[in-house]
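Working from the sequences, and respecting the hints, build out all of it.
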Amino acid sequence: MKPTVIAVVGPTASGKTRLGAALAKALGGEVISFDSMQIYEGMDVGTAKPTEEEMLGVPHHLIGFLPPDAAFSAAQFKTLCTAAVNDVLSRGKVPVLVGGTGLYFDTIYYNTTYFETADASMRETLTARLQTQGAKALLSELREIDPETAAALHPSDEKRILRALEVYYATGRTISEQKRLSRLQASPYAFCVIGLYAEDRAFLYDRIDRRVDAMVEQGLLQEARHYYENAPAGTAKQAIGYKELKPYFDGQCTLDAALDRLRMETRRYAKRQLTWFRRNKAIRWLQIDRLSAGELLSESLEIIRQETGLTPPKEKTDEEIVP
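Mapping of the sequence shown onto the numbering used here: residues 8 to 330, in sequence order.
Bear in mind the hints are in silico, worked out from the structure with no lab data behind them.
It should be emphasised that the depicted structure is a prediction, and the values quoted were computed from it without experimental measurement.
From the three backbone atoms N, C-alpha and C, an ideal C-beta is built for every residue, glycine too.
Incorrect hints may have been included.
To be verified - Quick list of the computed label-pair ranges, beta carbon to beta carbon:
id	residue 1	residue 2	range
1	R297	D263	30 to 38 angstroms
2	A264	S299	34 to 42 angstroms
3	R180	Q225	21 to 29 angstroms
4	G71	R275	20 to 28 angstroms
5	E59	R297	24 to 32 angstroms
The structure is reproduced here in structure tokens:
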């Protein structure tokens, strides 16, 4: 019998952090993040890392363990996440995956196998082309080679565009084809996945706007300025919440204009996240604009009970586990 893994997915600002910690607390579990930017040290406000209060005393893994200028791949995440899941399970705890990076989640959900495709010279060539031709041109090129992969990408996904082209030119095989081959072996885990969404899109957008305002109050500007002064290169430079502020720091626009851009890009990202996760038909969706935090927790626990048989220990009371 496969061990059970719980996951909470959905767009940014939907309440994944809160629900994930509450589920882990209720079930005697630990949280494993699959957020591609929360992995970096010092990028706390802009990536909405959970605070000590939000963690509810629950151990959290794969958060803040890399310097901002370090590169990191989905293959590396698969290795670390698998190790974290197995570690949690070995201690008799329930792994609760929480995040919004669909590519990272799919690596563990589908048990993706990664083929060796490292080609430094090809990567340098493609990076130089990105700087001269732009991401839109390279994405258009990718559509001709691998329309399936290109359809899931946006021009802002520069790293993934470069990776898809590198894989093809280095191996002669597209990422789409590699994915089909890589998923021939079933996952060793039995997943129960809770998805959060808002039927009223304005409800989610309002939450995004309020989150941006809260981030500014919590020191986003100081954090982003420090990042650009100390780690101007690396994977993390594409993080939403930082790159939109760079024109303001460079004197190219006002702060209000930069923050408006940040709100707009965050909304677009939320839409892309939903599009990605909705392809997974096994996800059980709950509506955040209809249910309170307590109701989301109760309904999630009921779904988990139905699908896995897991229930909170009897000594747990609603007052103890509702955030």
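Status of each hint after checking the structure:
For the pair R297 and D263, the beta carbons lie near 33 angstroms from each other, so the given range of 30 to 38 angstroms is met. Look at A264 against S299: about 36 angstroms separates their beta carbons, and that is inside 34 to 42 angstroms. Distance hint check: the CB atoms of R180 and Q225 are about 45 angstroms apart, inconsistent with the given range 21 to 29 angstroms. The supplied range of 20 to 28 angstroms is met by G71 and R275, whose beta-carbon atoms lie about 26 angstroms from each other.
As the Cβ distance of E59 to R297 is approximately 30 angstroms, the hint placing it in 24 to 32 angstroms holds.
Comparing the model with each earlier hint shows a violation of hint 3 alone; every other hint is respected.
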